[in-house]
Every structure is written in C-alpha cells, then in structure tokens.
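The whole structure should be built from the sequences, with the hints applied where relevant.
If you want the building blocks of each chain, they are given just below.
4 protein chains.
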Amino acid sequence: MCSLVLGRYSWCPAFVLWRTSSGSAGMAKSKFEYVKEFEVQDTCLRNCWVVVRVDGKNFHRFSEQHNFTKPNDIRALQLMNRCAKNVMKELDNICIAYGSSDEYSFVFHKNSNWHKRRASKFMTHVVSQFASSYVFYWKEFFSSQPILYPPGFDGRVVIYPSEENLKDYLSWRQADCHINNMYNTVFWALVQKGGLTPAKAQERLRGTLSADKNEILFSEFGINYNNEPLIYRKGSVLIWQKVNEVSKKTVKLSNETEEQEVEVSRWRTEPVLLHTDLIGEQFWEEHTAILSYR
Amino acid sequence: MCSLVLGRYSWCPAFVLWRTSSGSAGMAKSKFEYVKEFEVQDTCLRNCWVVVRVDGKNFHRFSEQHNFTKPNDIRALQLMNRCAKNVMKELDNICIAYGSSDEYSFVFHKNSNWHKRRASKFMTHVVSQFASSYVFYWKEFFSSQPILYPPGFDGRVVIYPSEENLKDYLSWRQADCHINNMYNTVFWALVQKGGLTPAKAQERLRGTLSADKNEILFSEFGINYNNEPLIYRKGSVLIWQKVNEVSKKTVKLSNETEEQEVEVSRWRTEPVLLHTDLIGEQFWEEHTAILSYR
Amino acid sequence: MCSLVLGRYSWCPAFVLWRTSSGSAGMAKSKFEYVKEFEVQDTCLRNCWVVVRVDGKNFHRFSEQHNFTKPNDIRALQLMNRCAKNVMKELDNICIAYGSSDEYSFVFHKNSNWHKRRASKFMTHVVSQFASSYVFYWKEFFSSQPILYPPGFDGRVVIYPSEENLKDYLSWRQADCHINNMYNTVFWALVQKGGLTPAKAQERLRGTLSADKNEILFSEFGINYNNEPLIYRKGSVLIWQKVNEVSKKTVKLSNETEEQEVEVSRWRTEPVLLHTDLIGEQFWEEHTAILSYR
Amino acid sequence: MCSLVLGRYSWCPAFVLWRTSSGSAGMAKSKFEYVKEFEVQDTCLRNCWVVVRVDGKNFHRFSEQHNFTKPNDIRALQLMNRCAKNVMKELDNICIAYGSSDEYSFVFHKNSNWHKRRASKFMTHVVSQFASSYVFYWKEFFSSQPILYPPGFDGRVVIYPSEENLKDYLSWRQADCHINNMYNTVFWALVQKGGLTPAKAQERLRGTLSADKNEILFSEFGINYNNEPLIYRKGSVLIWQKVNEVSKKTVKLSNETEEQEVEVSRWRTEPVLLHTDLIGEQFWEEHTAILSYR
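Residue numbers (UniProt numbering), protein chains in the order written: chain S, 1 to 294; chain X, 1 to 294; chain Z, 1 to 294; chain V, 1 to 294.
These are calculated hints, taken from the structure and not from any lab test. Just to be clear, a hint being listed does not mean it is correct.
Since the list can't tell identical chains apart, any single copy or any two copies may satisfy a pair.
Said to hold, decoys possible - With a straight-line Cα cutoff of 20 angstroms, these simulated SDA-like cross-link-like pairs (lysine to any residue) come out:
1. 70 <-> 283
2. 213 <-> 265
3. 57 <-> 113
4. 121 <-> 43
5. 121 <-> 201
6. 213 <-> 225
7. 121 <-> 41
8. 249 <-> 226
9. 36 <-> 164
10. 139 <-> 149
11. 116 <-> 41
12. 89 <-> 65
13. 249 <-> 217
14. 193 <-> 204
15. 116 <-> 38
Below, the structure written as structure tokens:
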C-alpha cells in the first residue's frame, strides 16, 4: 500500500470565487469608469407624496446685512414667492408649495415619476433653481440696494404616504408660521415702539401664551393682531390655477381679405398665490384638484 | 375688432404630465405585478467589508429553560461554533467569523459581489442558515435533552470601509467578550461557591475594576482567571485553512493489473476554529491571507 | 517703509476644523467602540404596510433530496403553515400572512412600531424564526424520514403606502400561486400519467393558455382542475381570529364545599388558516378587522 | 358538571399591542409635529470620501441662448471656477474640487463630520451655493451681456471608501474632459473652419480614434492639439494652498512716535486654481497634504 496524492483540489471562497469582480463590465471608455458603480439608487417610495423643504442658510445674518425690515420685510417675502413660482414652472409635477419667512416647501404629486423619483434629483433641482432665482430676481424687489453676496440654501426630502400626513405636514408649517409671526410681532413692537432692549423684550415674553401676546399688542400698542396682513399671519400658498390671458394679435380670418386686430383669449394654468388657511378641511374641499387628477 | 378664443390650451403639471405612470410596463403576467417596483435596492457600498452580526433572541430565557451551565455552557458554545461553520460553508465569500456567548459575526470580503451585495440577502441568508442549523445540530451537543422550542435570532449588517475599521470591529467584540466573561466568572463564583444571592453578588461587584475581580477570584476561590479555558476568555474565531484529508480508496494503478487500496491525501480548505487574540497586530500578521487574496 | 510679517494666520478647512471627530464620544468602554457608529438607521417609512417575504433557498434540490411528492407535497405545505403560525405568534404586529410553495409573506400593520420599524429587525426575526421552526416541526409532518441538512431561507422587506397597494401585493402572490400550480399540475400529469419525459412535457406546454391547460387535464387525464384541493390552488392565508378553547378544570365554586370539574371556555385570538380568494373585495369586506383597528 | 366562562382574555397583536404609537411624544408644540418623524437619516458612511457632483441643467440650451463661444467659452469656464471657489470657502471640509465644461465635483474629506455627514446637507448646500454664485458672479465674466434667466443645476452624492477609489473618480472625470474636449475641438474646427455642416462633421468623426482626431486637426487646420490651453484639455483643479497676501497698513511701531505705512504680509490658506494632470501618481505625490492631515 502506498500513499498517493491524487490532486491538490483547493477550494476557498475567500480567495477564488469572486475573482471576476463586477467592475470589469463598465470599463468601455476608461479603466476608471468602475467608479460609477458606487452611486446608489435613492428612489422615493412610490405612491407617496414627496416634499422638498428649502431653508435659507444663515439668513439671520443675511437679513441684517441687507437691512430687512423687522418683523417682516414684504420685499423679501415677495422675492421668496417669486423664486417659488419659478421653481414650480421650471420643474415638473409640483402640485402645491407653501412658504413663510426664509423657508419654502414644494410638494411633488404622489404619482410623479420625474427623474425616476430619485431623492437627490428632487432636492438639488429645487434648491438650485430657488437659489439662482433668488439672486436673479433680487433687483425686482430690492431695486435700491444690491445683493452683497450669493446666499446659500439647505434642502431636504420628506416622504408622506397618505393625504392626511401631507395635509398635517402643511398644517405643521403653517402653525409654525403663526407661532413665530405672533412672537416676532410682539417682540419687535416692544423693541421698536416700547423702547425695550431685545433682552428685556425676550424676558417679557418668556412663558406668555397666545392670549397674553394678543393683549400686549392691543393694550400697549393698539395693534389688533388679526388685522395684520394675511401674508405675515398665514404665509404663502402656491397652487396651479387656470388664468385667462388676453393678448392682441393681427390675423386674417378665412372669410375676409384684410388683416384685422383681434383680442386673443387663452387659458393658461399658472402658479397662483394665496394667503389662506391650510389647516382644516375647507381649503382642501375648495381645491380638490390639487391632490387628485380630476 | 372682435374677441376670439383661438384655443383652450391648458397646461398643468399636476394633472397632465405624468399620466403615463411607470407601473404599466411590468404588467405582462398580471395587473398586480406593479407592486414589485416598490422593492428598494439596498446595495452595500462596494470595496467595503460587510459584517453580519447574529444575536440570540431572548437567550437569557432560552438558556434557563435548557439548563445551560453558568457562567459558560461548553455545549452551547460548541453548538454556536458548529452553526457558524455551516454558515461559512453554505454561503459564499465569508473570510472570517467571530463568536462569543449567543452572538456571532460574519465578515464578507470587501470584494464580494455575492447577490449583488444586497444587504437583505447577506442578513437573511446568514441568520436563517444559522437558525436552522441551531435546531439541526442541537442533538449533537445536547444528546440527553431535547430542544423545547425553535429559537429566534436577530441580525444586522454593518459596513466598514477600511481594514483598520474591520479589525477594530472584531477587537471591540473580543473586548466585550473579555469584559462580560470576567464579570460572569466572578459573579457565578460568588453565587455558586460563595453562597451569595444574585442581588448580593451584583452589589459586591458594582464599581470593581478588572484587577479587583481577578483578586476576588484568586483570594476567595483560588481561581486564576488566566487559567480559564481560552474559548471562554477569547471567544471563537473561524478562518479558512488548508487541511489535509486522508482517506482510503481502491484504485487500479496504470502499470498494475490488480486493484489495490491506497491512502488518498487531499487538501481541502475548511473553516478552522481558533481561540486566540484578535486584538493587536500579531494575529493579522500571522494570517495575512484572511483579508488579502494571496 | 519696511516689510513686516504681522502674523502667520493660517486657516484651512482640510486640516484643521474637524480634528475633533465624533468618534471620541463613544469610547467609554473600549477604544474600539467607535465602530458602532458605522451602523445605519434603516427605519421603514411610518404609516406604511411592511411586508417580509421568505423564500426557500435551493428548495428545488431540497425537495428532491427529501422526496417531496410532485406537483404538491401536502406535508411540506403543512410544515410551511406550521412555521408561519409560529412566526405570527412569536413576533408582534403581524396582521396577515400568505404562503404558497416554498415562500411565505408576512404583513406587519402600518401602525406597528416594533423595534422602531427597523427593516433589519423585521427581516431577520421573521426569517430566523421561520428557519428554526422548519427544522423543529419537521418531524411532525415527515415522521418517517429525517431532515438531511439545515435549509436556508432568503428574506426581503417591501413597503406599501396604501391598502390598495398591499391588497395588490397579496393578489400578485396569489395570482402567481395559481399560474404556477396550474402549470405544475398539468406538467406532472403529463410526466407521471402521460409517460412524457420532462423535456417533452415542457415542450407540449410551451405557449399554452389557461384554457388549454384545463382542457389537457380534463380530456387526457379526467382531472377537473377546479376540484383540486384549495390549498394547492389558492395557497394559505393566516389571520387572527377569536377561537373558543374549552378545557377541563377542577374548581371550588364559592357556594359549594366540594371541588368539582368544570369545562372552562376561553376566547383566545389565534392564527387561523384559510384557503380562500384574496383577489377581489369580498375577502376584505368579510374580514375588515385585519387592516383596521376596529 | 357545568360550563363556565372564566374570563374573556383576548390577545391579538393586530388590535392591541401598538396602540401607544410613537407619534404622541413629539406633539408638544402642535398636534401636527408628528410629521417630523417621517424624515429619514441619510448619513454618509463614516471614514469615506464624499463627492458631490454638480451638473448644469439644460446647459446646451443655456449656452446657445447666451452665445457661448464654441468649443470652449473661457468666460463660462472662469465663471464656473469662480463659483466653485465660493463653494469651497463658504462650506467646510472640502479638500479638493475638479471641474470641466458645465460640471464640478467637490470632495469632502473622509474625516468630515459636517452636518453629521447627512447626504442631503452635502448636496443641497453645494448646489445652492453654486447656483446663487453663478448668477451673482455672472457680470464679472459676461459684462456686456446680461443673464437671461436663472439656470438650474443637478447634484448627487457618491461615496468612496479608499483613496484609490477617490483618485480613480477624479481621473475618470479628467479622462472624460479629455475625450470630450478633443472631440469638440475637431468637431468645431470642421464646422467653423472646414465649412462642414454639424451633421457632416459628426459623420466624419464617427469611429475615429484619438490619433485620427489629432491628425485631422494638424493636417487640415494646422492645430497641434497639445498646444491648446491647459484649462480646456485638463479642466480645473481647486486645492487649498497657503498664499502670501501683502497689503499696506498704517501703524505706529512701538519705538517710534510717528505713524508710518508698512507692507503687511499675511499667510492665508486659499483655494488655488491648477490646470494639471490628476491621472497618475505625480500630482498626489506633490500634494500629499490634500488627502492627509500631515
């Protein structure tokens, strides 16, 4: 009997099996192209509402350096609305937008398949269009003073599976607008009209409820908060609506020989600005087209 | 001049543009197949080490109901090792595994492209193979007592970009093993040999350092902790190694007419069990093949 | 005029700013604990249905090695149902499960907050409990033959935002069960009773529609497909239902002096097995409690 | 013997267990705040290089409407570089950036913990700062013509675990720059100087290799491609370097009584522009500080 080595069969997953790495397939153009495979899919769950919220970066500093009126600068708010309108028109499938102060939320319809629903596409397209619009439209609202430096914005994507969740999101932002605006209105009344230092004004307001703030405004400054402009108290809503556009055109009608000027009326669907309550069912009952197809 | 409506051009992204939803493409077989599109890609970042850690679910209760010896039940540990060996052999690309107590970690090589590196595949294959093995091999280690119910395990995936991170992960688990085993060794000595209640033993150990625990073991129970079995103190490491397998075979050699029995020696790469230090560089210097190809 | 270096102010984000890396915080126990921070959150979107689907790994081979009856092995199906029942009882918040062949789907309620909705927890708990149950309960259904090796399973998580999507998912699986079972029924009739080779049977069936297959079964083998057992044609549904459990107990009633044996009836909510249509509204109308709270 | 219902113990996970949903905790401010919990963590894997790539949206159209010179418009490239410099200065932890044509890549250091490494923060801050800068700095480079509308940009995040992967990514972009620029250079020579239509030029170039294109340029138009400006052929690299900044200041030195004007020299670390090879090791050997800490 002898000892015999029949073969040196050596099997080991750690050294052999994955030698044919997947990288090789994509190297048509250059040997570096394998790096494309590190990109990840970031698809937003289908059949869900996609919200992109944009926030100004360091806008406290920005508003001071550009002398924004306190507590609200109407030009700054109108500029925000102008940018948001541009975003709605340049991008697809945004069915409603809501903004207040230095933030704006854009809602992509749950059936949207824009850019295969990639979260990064939703975010970066919104935020870059908003940012370039901000500088571009600045002079329409701040004619007398130039913009000093290019502002930054931060964006995020949040996904909502149900209409109820989406409405609650928008209600949350509007409730926030209300709370902040009431606080700021009293705070700046105390400072600008009451002569308090900011620190004293802050102290005065610590722990006060909504009713207390209303009372301070009314008894000390004669301000009825409910008469403040809606754009400050409710923020801004943008929805698509049919608007009738009338223009003049020179045409030759079929049964005439002479050209004649006619008024051409044309229905266009445009982003339309509202300052209204989103909280509660009334808004949604009046604007059923926003969320549905019909 | 007259007013004329030339057309009713109506454009609105919210109602028109995405009517051709992507769902329609996949409906070859049934109108329900669109639901497949809700699955998300969960690829593990390429060129990274993928660790799957398995933990026993409610193993405190399980160990009591099956009368595991305290602080360590050698049969239970051997069963865990048996299951881990099975996982390494059934799945691809695991280059090292480490376990102690009721947990086990499996490391897939950073170059693995197994199941397109989907995290869910890594996790569920490991954990299901481990769980079925646990019941299957139970009787090899607990011959005298049956398993009372099917145990559950929990699993997770963690990704490490560098060898250093990976080694630190394994060191972390071994440091944990050390800390827990030393505590348990003293605790059960106090209870089983010192006659303390569990509550009293716990109280006695509160705030003690490693040196204190060594001292209690030695002075009160004559136990030198460093003489405790390595499998308890260091846990268990599984790596692939070539093992020589000798078997007998009846062959007819070419230059002979009669059959004869020969010893056939064959090199196989097998998961081999070690109870050694992973912390520090020595282990990795001695086993360079684990992480590299050659 | 002279040249003067006032200072060597050097600022560079690449070298200075993030020196205090976040790793340092978690190093209480050992310097390796920073590795915990590589774990990622994998929360399932809230307010969505979470489906975990389990599939047998290499069950074609497994079924041959264990001599499963073709086209359906009732013992194997009953074992699958037994495992699924165990999963429903051991885990929380599963409101319905559906299985056929070697796969099973488990639906976690959209309001579930089990393990903070971590996808890895949902997946690994289901799949490990299922796998260990498979070996554990094997002998109850395959008494005469032992299980040869521990089987593996693969699992995945899919998220559905609406009830409609969820129902469509279950309908998709049931439609699949129907299509596969009809094919297999004819295929094995052709092979087992018609004497065709598997290749010939496959060829015979290429391109046939449902009606053709029905016709072959009836005219050639006298089989009315609609009389085949429901468990084969519809698969298996598990839902929670109140069942009345009657047991005997020896009690002493307050107004008696002697003990006496009574029948104790107790309502328990148990996973109950159905073989019925999930496609269409009828099932959901009859079992509204599955998806709602009430 | 009588029948007795002892109790109506009813247990069912689908109806009972998760009634205390997690939503309730966050409702301090308003009942809508639960919607915050739908946001997901999108942390970039630690110890990895984070690349954000910005691409112009519809820049083909944009460049035509703004009469960009073909094949390269030096003003447009300088504007891109100006924007990138602004991004590097406004954001933290960018250690190198590379751009060509209408795209720019920014590399965040693997040790960066900026905004907790949230991918959405990296992306949106880069892309919004880039977009606002584009409009803001436009007039510095296109003095004679105004920008017609606010441009959009798209952004993405890609993660690279190793230095080699990162270098290969940058090499990939530079190889792309080379291939595109050579093609465009010949294409526009054929059109602008050779009098070919774009369609004819495209046809002429189909299937040509690098050597063929060099030959066409040289023999037909007397252009030596290697003499084309580096900014076109290599793209633009931005890295941090110490630069000596000299300014004049009026100071009173300690031992003098009169004020006098001095030149103040100050070292600042600034983004510095290079047009050089990233492919190959030389660049990285000469600039080791980019990727390391020192």
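To see whether the hints hold, each was checked on the structure:
no. : hint        : in the structure
1   : 70 <-> 283  : neither (30 angstroms within a copy, 52 angstroms between copies)
2   : 213 <-> 265 : neither (49 angstroms within a copy, 55 angstroms between copies)
3   : 57 <-> 113  : between (29 angstroms within a copy, 18 angstroms between copies)
4   : 121 <-> 43  : both (10 angstroms within a copy, 17 angstroms between copies)
5   : 121 <-> 201 : neither (43 angstroms within a copy, 34 angstroms between copies)
6   : 213 <-> 225 : within (9 angstroms within a copy, 69 angstroms between copies)
7   : 121 <-> 41  : both (11 angstroms within a copy, 17 angstroms between copies)
8   : 249 <-> 226 : neither (45 angstroms within a copy, 56 angstroms between copies)
9   : 36 <-> 164  : between (39 angstroms within a copy, 14 angstroms between copies)
10  : 139 <-> 149 : both (13 angstroms within a copy, 13 angstroms between copies)
11  : 116 <-> 41  : both (10 angstroms within a copy, 13 angstroms between copies)
12  : 89 <-> 65   : between (30 angstroms within a copy, 19 angstroms between copies)
13  : 249 <-> 217 : neither (53 angstroms within a copy, 51 angstroms between copies)
14  : 193 <-> 204 : within (14 angstroms within a copy, 67 angstroms between copies)
15  : 116 <-> 38  : both (18 angstroms within a copy, 12 angstroms between copies)
In this structure, the earlier hints numbered 1, 2, 5, 8 and 13 are contradicted, and the remaining ones agree with it.
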